[in-house]
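Q: Chain residues, written in single-letter form:
Protein chains: 2
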Amino acid sequence: MTQSAFDTANHDDYPTRLAAEKWQERKDPVVWGQWTPEAPLTRAQTESFEKNGYLILRDVFTPGEVAALQKESALLRSGDTGIAEDNVITEPGSNEIRTVFRLDEQNALFDRLARDRRIAGAVSFLLDDDVYLHQSRLNYKPGFTGKEFYWHSDFETWHAEDGMPRMRAISASILLTDNDALNGPLMLMPGTHRNFIACAGETPEDNHKTSLKKQEVGVPSHDALTRMAKEHGIDYASGSAGTVVLFDCNTMHGSNGNITPFPRSNAFFVYNAWSNRVVEPFAAKAPRPAFLSSRDPKGPIAIEAGTIG
Amino acid sequence: MTQSAFDTANHDDYPTRLAAEKWQERKDPVVWGQWTPEAPLTRAQTESFEKNGYLILRDVFTPGEVAALQKESALLRSGDTGIAEDNVITEPGSNEIRTVFRLDEQNALFDRLARDRRIAGAVSFLLDDDVYLHQSRLNYKPGFTGKEFYWHSDFETWHAEDGMPRMRAISASILLTDNDALNGPLMLMPGTHRNFIACAGETPEDNHKTSLKKQEVGVPSHDALTRMAKEHGIDYASGSAGTVVLFDCNTMHGSNGNITPFPRSNAFFVYNAWSNRVVEPFAAKAPRPAFLSSRDPKGPIAIEAGTIG
Chain S
1 MTQSAFDTAN HDDYPTRLAA EKWQERKDPV VWGQWTPEAP LTRAQTESFE
51 KNGYLILRDV FTPGEVAALQ KESALLRSGD TGIAEDNVIT EPGSNEIRTV
101 FRLDEQNALF DRLARDRRIA GAVSFLLDDD VYLHQSRLNY KPGFTGKEFY
151 WHSDFETWHA EDGMPRMRAI SASILLTDND ALNGPLMLMP GTHRNFIACA
201 GETPEDNHKT SLKKQEVGVP SHDALTRMAK EHGIDYASGS AGTVVLFDCN
251 TMHGSNGNIT PFPRSNAFFV YNAWSNRVVE PFAAKAPRPA FLSSRDPKGP
301 IAIEAGTIG
Chain U
310 MTQSAFDTAN HDDYPTRLAA EKWQERKDPV VWGQWTPEAP LTRAQTESFE
360 KNGYLILRDV FTPGEVAALQ KESALLRSGD TGIAEDNVIT EPGSNEIRTV
410 FRLDEQNALF DRLARDRRIA GAVSFLLDDD VYLHQSRLNY KPGFTGKEFY
460 WHSDFETWHA EDGMPRMRAI SASILLTDND ALNGPLMLMP GTHRNFIACA
510 GETPEDNHKT SLKKQEVGVP SHDALTRMAK EHGIDYASGS AGTVVLFDCN
560 TMHGSNGNIT PFPRSNAFFV YNAWSNRVVE PFAAKAPRPA FLSSRDPKGP
610 IAIEAGTIG
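So the protein lines, in turn, are chains S and U. With this note's numbering as the guide, the letters of the first sequence map in order to residues 1 to 309. With this note's numbering as the guide, the letters of the second sequence map in order to residues 310 to 618.
One or more hints might be untrue.
What the hints assert, rightly or not - Below are the DSSO-like pairs computed for lysine-lysine, each with C-alpha atoms no more than 27 Å apart in a straight line: (1) K336(U) to K360(U); (2) K360(U) to K539(U); (3) K331(U) to K594(U); (4) K331(U) to K71(S); (5) K230(S) to K380(U).
Since the hints were derived computationally from the structure, they do not count as laboratory data.
Model the full assembly from the supplied sequences, consistent with the hints where possible.
A: The structure is reproduced here in structure tokens:
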């Protein structure tokens, strides 16, 4: 275990929240590990992640595991388990639960899921480090009224507002419902992880209080998004429940709203490299609260093999 | 040419805006014409329209025709042509044009498009009658901020608020931009045209003033939509610019919002059978204005063959 020795006084490789938007090259590897035949991902999967900035793994979990996770998810969402109010985000204009934060701390089964070798083992290989959970949540996009989530790079926010030094973090989305093109799937722009778009505008105080419902600062301009979409295209993560989507912290992503009757739900874990632990925010007065940005992890997570549920 | 002889005092085959939602069987044919080898649609196309309630016709217009229509569409949207304000609907929360009404009256090229044999000829065959334009518009769903359009049957509104007696009208959407699953395409539930869902709730006065931005009355309940979506599934109309989508007046449809940079634009014509001309509204105090519901057509449209532009 290495200590984070990042000198915030003298180093900021990704300055952002500037007077004007600015493009720069990524200064970090995408795949930190060295592929060998023993790696938990195939060579093709590893190369695909490196090239596109994401990887869709289908049928990772068995139907029995998926059923157990869905049951637990419904229980958490029902409100019967007494989740503290500050761990919950509701839909704009309603009381329907949109997000449950600190998922691993709320629930033993989801904690076990976060530590599963099929996910965390693959991520740990890609990052070539022990990992801990920077953020952990259950997303619920209801049918009929599910709202959109605008385009953003997670790293831009995590760097600016949480103090994450380097691009050495990977998100995993575990689909708990079948996802197709029409019920607001995760959309990704392949290849956008190779550029960092420093965003225009100073970070307002307590930005996260509004940005979780509708992000205004820390998102690229229409011009930048149009350029990226034309150059790279837009893909989306479809698959049946149990599919896992891994994506790099700097891949541009978002999702449309959902008027179909079919809800979209997923468990979402952000794995950060232990050596990349957060420091002071690079472009905000104070760090975001701990439910968004784990600031003092006890240690790397203990990866576990075997069946869930 | 037959005169509309519908007796509104004694007949309402589709009562709606009731105390409670109610399902009933459709009482009209879907395809009124008799297919022969000379028909403007193939037998398979005709049967598909009858079964699903819609039909997607690809590559109907040449690239040159599409380019001419796109150019004209941009001109109309720019506002330089001086369209009267009451023919224009803007996006909620912005001044961006969402819809231009009375499209055939605004523009000679789009008038010619509406009368094109490849569209109007096919519709006239399906309805087995001369046709006129009940409504005519240009829809523009901008990139990034295009809003959703909630599920509805057009006929329910046209019957209740415009006084359209029977299900003998067909809409044609002519795509002016490439449409895929992600930029808010038209979604349709195949087979839903065979049931009429009488909606709950009285029609508020001037309902169209808000319903065009966000429809509250005249839409099915979540339960009804869930039942239909589970039974029939949800399809969507994708295709490159120049694709034509024909759909029955009672097919349940809607569209999601669009955060992609790619706008979605289409010309939209509602063809009503000449014998099905509107009478007094069946469930509203006064008919909607003429830009939504042509109330006194001079005569059937003159269908034209040949190249457009």
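Q: Does each hint hold? Answer for all of them.
A: Hints, one by one, checked against the model:
Taken as a hint, the K336(U) and K360(U) pair is honoured in the structure, with Cα atoms around 15 Å apart against an allowance of 27 Å. At most 27 Å may separate the alpha-carbon atoms for a hinted pair to count; K360(U) and K539(U) meet this at roughly 17 Å. Between K331(U) and K594(U) the alpha-carbon distance is near 22 Å, which keeps this suggested pair within the 27 Å criterion. At most 27 Å may separate the alpha-carbon atoms for a hinted pair to count; K331(U) and K71(S) exceed this at roughly 33 Å.
Proposed proximity of K230(S) and K380(U) is supported: the alpha carbons are some 21 Å apart, at most 27 Å.
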